[in-house]
Each structure stands twice: as C-alpha cells, then as structure tokens.
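Protein chains: 2
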Amino acid sequence: MPELRRDPIVGRWVIISTERAKRPMDLRAERIELQDGLCPLCPGHEDLTPHETLAYRPTGTPRDTPGWTVRVVPNKFPALMIEGSLGREGEGLYDKMNGVGAHEVVIETPDHEKQLADLEEPQIENVLWAYRDRILDLKKDSRFRYIMIFKNHGAAAGATLDHAHSQLIALPIVPKNVAEEMKGALDYYNYKERCVYCDIVRQEINDGRRVVYENSDFLVLEPFAPKFPFETWLLPKAHDSSFEDCHKNEYANLAGALRVTLRKLHRALDNPPYNFILHTSPFQEMFNPHYHWHFEIMPTLTKVAGFEWGSGFYINPTPPEDAAKFLRDVTDR
Amino acid sequence: MPELRRDPIVGRWVIISTERAKRPMDLRAERIELQDGLCPLCPGHEDLTPHETLAYRPTGTPRDTPGWTVRVVPNKFPALMIEGSLGREGEGLYDKMNGVGAHEVVIETPDHEKQLADLEEPQIENVLWAYRDRILDLKKDSRFRYIMIFKNHGAAAGATLDHAHSQLIALPIVPKNVAEEMKGALDYYNYKERCVYCDIVRQEINDGRRVVYENSDFLVLEPFAPKFPFETWLLPKAHDSSFEDCHKNEYANLAGALRVTLRKLHRALDNPPYNFILHTSPFQEMFNPHYHWHFEIMPTLTKVAGFEWGSGFYINPTPPEDAAKFLRDVTDR
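Top to bottom, those sequences are chains A and B.
Mapping to my numbering: the first sequence position 91 is 91, numbers consecutive.
Mapping to my numbering: the second sequence position 138 is 138, numbers consecutive.
For the record, the hints were derived by calculation from the structure and aren't laboratory data.
Here the structure is a predicted model, which is why all the values come from computation and not from measurement.
Errors might be hidden in some of the hints.
[As the list claims (entries may be wrong)] Some but not every residue of chain B turned toward chain A, in silico, with C-beta under 8 Å:
1) W13
2) S85
3) G154
4) G158
5) I169
6) E181
7) G184
8) G312
The beta carbon of each residue, even a glycine, is placed where N, CA and C say it ideally should be.
Produce the entire structure from the sequences given, and follow the hints as far as they go.
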C-alpha cells in the first residue's frame with residue numbers, strides 16, 4: 001500500500017509509492033516498455049488493462065471489447081490504491097495515512113495515431129462527458145475529497161504512453177494548491193463580494209490584450225501573471241463553481257474552445273509537450289459563490305530550476321500579451 | 001525593465017522578462033551559446049562579465065583580473081535590474097511593480113573542469129563565505145526583503161553554463177514558498193513552543209533510518225515527506241534562524257557535510273543534475289526562535305507532470321528510508 005505523508009512544516013502531502021520502490025539507477029528509465037509493442041490503450045487490447053469503469057459504446061456491445069469511442073480504465077500502475085481505509089496516524093511529529101484513492105486513465109480516442117487536438121468537436125465533447133460521469137460516480141465514495149483531472153501530452157510533459165489519454169486521481173485530502181486557490185478566491189470574495197474569476201473575465205474582455213479566443217460560453221486567455229510562457233486558461237464566462245454542473249450546451253462549447261486552443265498551441269509551438277489541469281471545487285464545497293472552475297494549459301517549454309523550486313517565484317521570458325497576440329494571429333486549421 | 005506581477009488568486013509573484021521577450025520558437029534553445037567557445041567564468045576572461053562585486057584574491061591583485069579563488073559577478077542576463085524604485089501599482093484588479101533586484105553569479109572555482117563536489121573542503125568553505133559576504137552587503141539595501149541562493153547543476157536542472165557556479169537573487173518581496181515555510185514553522189512554534197526543525201533533528205537522530213551523515217554541527221537526512229527521490233536536507237544541529245549568522249567553525253563543518261553529501265549523490269546517482277537551495281530567514285525577521293536555516297538538495301531524476309502542477313502533491317517512487325540507506329552505504333571517495 002502506498003503511503004501518504006505530510007510535510008511537517010508547510011503541510012504538503014506526498015505519495016510515497018512503497019510498492020514499486022525504484023532503485024537509484026531505475027529512476028531514469030521512466031518510459032513504460034510496451035509488451036511485444038502492443039499499445040494497451042488500443043481497441044482489441046482491452047485485456048491488457050484492468051476492467052473498464054466507463055465506456056461510451058454502442059448499446060449491446062459487451063464490456064472490455066472494441067467498439068467504444070471513449071473508455072475509462074483503472075491505471076495498471078496506480079499511484080494510489082482503491083481498497084482500504086485511510087488509517088490516519090502519527091509517527092513522532094510526522095503525519096501519515098494509507099495511500100487510498102482512485103487512479104484512472106481516460107482513453108480519449110480509439111485511434112492510436114490521433115492526439116486530442118486532432119479530434120472532432122463531438123469526440124472532444126465525449127471526453128469531457130467522461131470526466132463528468134467519473135466525477136459524479138467517484139463523488140459517492142465518502143473517503144474522497146477531491147478529483148484531480150489532468151493530461152500529460154508528450155514525454156517532456158510526463159506522458160509515458162503515446163496513445164491519447166488523460167488521467168484522474170481521486171484523493172482523500174484536498175491538495176495544497178487547490179486549497180490555496182479556494183482560500184485566495186474566498187478572501188477576495190469576502191473583501192469584494194464578487195468572484196475574482198468573474199472579475200478577471202470582465203476585465204480581460206474589456207482589455208482584450210490577453211484574450212486568445214472566445215465563444216458564447218467560454219473565454220480563453222493568457223493570465224496576467226503566468227508561471228510559464230504560453231500558459232493558457234479556459235474559463236466559463238458565467239459563474240459556476242464545479243465542472244460537473246455544466247449545462248449540456250456548455251460541454252459542447254467547451255469542446256469547441258478546447259479544440260481551437262489546442263490547435264493554436266500546436267501550430268504556434270510546433271506540437272509542444274503540455275499539461276492541462278481541470279481546476280474545480282472540492283466535494284465539500286461544490287456550490288459556492290467564490291470559486292469558478294476552469295482549465296489551465298501549460299506547454300512545457302522552459303525548465304524549472306533552483307530559483308523556482310526555492311521561491312515559488314517563476315521567471316517567464318514571454319509576456320502574456322505577446323503570447324496572446326501570437327495565438328490570436330495563428331490559425332487553428 | 002522586467003515586471004513583477006502578482007497572481008490575483010494565490011498571490012504568487014512572477015517575473016516577466018519584458019526586455020528579452022522570447023518568440024515562441026526561441027523558447028527551446030535555452031542554452032547560452034559561448035562566444036568563440038570562450039567560457040566567461042574562466043580566469044583570463046574577466047572582461048566577459050560585468051565588474052565583480054566580490055572576489056577572494058591575493059592582496060594587491062587588481063579587480064577583474066585572474067588570481068581569484070571565488071569570484072562573484074552580476075549576471076550578464078539578469079532576471080531583475082539593480083537600478084530603480086519599486087513603483088508598486090495596480091492595473092484594474094491586478095498588482096505589479098518594477099522588476100528591481102540583484103542577480104549575481106558566484107563562480108565557485110577558477111578551474112573549468114571541476115564541479116563543486118570535486119573541490120577540497122577549504123574551497124567549498126570559501127564559496128559559503130562568499131554567500132555570507134554577499135548577503136551581508138545586499139542586506140543594506142532597504143528595497144530588498146529576501147536573498148535566494150541556489151545552484152543549478154547540469155542542463156536538466158536548468159544550468160546554462162558548464163563552469164561551476166551558483167546564483168543569488170535579491171528580491172523586493174518575500175517569495176511565496178519562503179513565506180509559507182516561515183508561517184508553518186511559526187504555527188508549530190506557537191503550538192509547541194519549540195522549533196519544528198529542532199524537533200526534526202532530534203527525532204531523526206534518534207530514529208536513524210533517514211540519516212545520511214552527521215558531523216559535530218550538521219545533520220544530513222532524507223526528509224520524511226520528500227517531493228523527489230533522493231531529496232536531501234542539510235540542517236545545523238543547533239538552532240539558528242539565519243545562515244549569515246553562523247560561527248566560523250560552522251562554515252568549515254558545513255563545507256565538510258556538503259562535500260560528503262554531494263559526493264555521495266554523485267556516486268549513487270552517476271553525476272545527477274541537481275538543484276540546491278539555501279533556506280534562510282527573510283531580512284525583517286532575522287533572529288527568531290521558530291525558523292531554522294538549512295540547505296535542500298534535489299536531484300533532477302523524475303519529471304514534474306500535470307498531477308504535481310495541479311495539486312502541489314508529489315508522487316515519489318523512492319521511500320526516503322531506502323534512499324538514506326543507499327547514500328549511507330555508498331562511499332564519498
């Protein structure tokens with residue numbers, strides 16, 4: 001069972017994977033070797049993954065067989081284990097608990113050759129629905145407090161398999177970065193009685209310099225203080241604290257905005273490695289006036305070094321106004 | 001003038017380098033091209049750097065000439081500019097100020113072929129004295145609130161020059177990570193009336209499983225909840241809130257502990273890229289009972305991906321107990 005351990009000074013939790021402990025020399029070979037070159041995420045290889053937890057497939061086709069358009073499976077090498085109790089306990093001044101959680105892989109397309117940016121809008125919308133359906137299901141498990149949904153595209157961004165996929169990790173605690181965002185947004189709300197993200201949406205639309213794209217429901221922008229060059233946010237224009245509460249037409253418009261954004265980044269930066277992360281409210285505070293769910297996309301273009309690790313300060317060589325202009329001007333074809 | 005911008009939600013500051021704004025395609029070529037292959041940090045090339053701010057050299061030898069053992073110069077491509085006022089102002093709901101600060105390079109040895117781990121103890125001690133002397137000097141500038149001292153070793157850890165060097169950045173604000181550590185340590189102190197780091201030193205010496213090395217003044221350990229495999233901390237055994245207040249003999253013992261640690265990491269991980277960071281109290285609270293200065297060394301062995309960026313949670317595949325045993329057993333010859 002992996003262990004969750006808490007840093008005694010700043011309270012950050014880490015997952016110590018005791019089961020697949022790596023010897024020093026193994027640490028460099030992070031890429032998963034495919035058995036006989038078979039991609040475990042491809043149709044026809046459903047037996048190479050654990051049983052699916054969700055699949056969109058024609059009515060009547062059996063579980064774990066081809067025919068699906070989106071398929072969600074438990075991660076074969078999970079960072080956390082789904083079985084067990086939390087077992088919180090101390091060890092002298094330290095705190096730890098069992099590494100309980102869900103770790104699943106969302107296979108975004110049956111087509112091994114396509115990346116998310118290549119998919120048609122309805123297929124991207126399917127992926128978003130799969131995120132939502134899994135959130136609604138995992139929410140029922142009272143051990144969990146947050147679900148982190150993210151995507152690693154390209155080896156430099158941490159992807160270990162080529163086939164287009166995103167991941168979700170359900171956690172028994174609200175992660176530090178999420179708690180900080182919630183607190184920052186709540187502080188602003190308490191002071192102004194307005195949502196800080198709603199204020200950002202209004203100011204950015206008026207200003208225009210950092211806007212990349214917008215449609216009726218979504219605004220795509222380069223944030224005022226981006227950590228990384230070409231960091232890009234997708235925000236719903238209307239206030240909504242949780243991703244899973246979106247209206248049906250919003251998922252369609254989100255799919256459109258995400259597709260345009262990924263294609264522009266692909267064009268502008270020559271298929272960059274990137275991470276994207278869904279930021280949404282923790283389970284305990286799903287409906288609230290201060291937090292505003294959104295996506296953050298971060299191309300992996302610069303290296304994080306000692307200064308950033310030590311300070312939490314980032315040095316960004318590309319002003320967001322320049323990045324936004326560049327992305328506005330580049331085609332999404 | 002670079003700009004400091006504050007994230008309106010979590011309050012993190014970023015440095016936007018407006019002067020050397022990079023076009024998308026330039027972002028990948030981060031390594032500095034040497035003019036005619038000349039290393040600007042080597043003796044004899046003193047004219048390739050700005051004028052030195054400190055050098056340890058034989059009495060009577062002129063500034064900016066060979067003969068030095070350690071030399072500190074302003075960074076030729078600084079992230080922040082030394083001249084100017086802070087100019088704090090708003091921009092709608094956003095906050096920004098001028099990118100005022102010092103950015104210097106500490107050249108650790110005249111020998112281009114040696115890395116820090118190769119140096120003899122007295123030379124490493126010289127490097128530590130140079131850190132101290134620069135802190136004491138820059139402290140006099142009332143615009144600054146913190147000095148971050150760090151080292152990037154190897155390209156994967158962000159180094160852009162091969163010649164052994166570390167860097168310091170004096171900042172007009174206390175960076176987020178430092179403020180968090182100070183607050184966490186103060187919360188613990190308010191609750192327990194003891195320094196959390198002093199408690200860690202005591203518990204780890206008693207426990208022994210995470211200890212890598214110790215001498216009379218310093219303890220080297222793998223922390224209980226490390227973000228990364230082989231993350232290693234060097235802590236003074238006696239309580240001291242600021243690095244620059246060390247006694248003379250402590251710098252000698254720190255040089256010894258740092259040398260052993262770097263050599264063990266070099267041996268165990270085959271000359272890994274790494275970052276180290278000096279953690280010390282901000283200028284406004286130099287003498288205090290709750291914070292305990294220390295070094296943190298982080299080999300760059302795993303990739304930070306979407307989950308870590310989104311959550312602030314880290315997945316560490318190597319338990320610190322295993323890493324400590326490995327480092328204890330490996331020779332430092």
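Looking back at the hints listed earlier, which ones does the structure fail to meet? Violated hints: 2, 3; rest satisfied.
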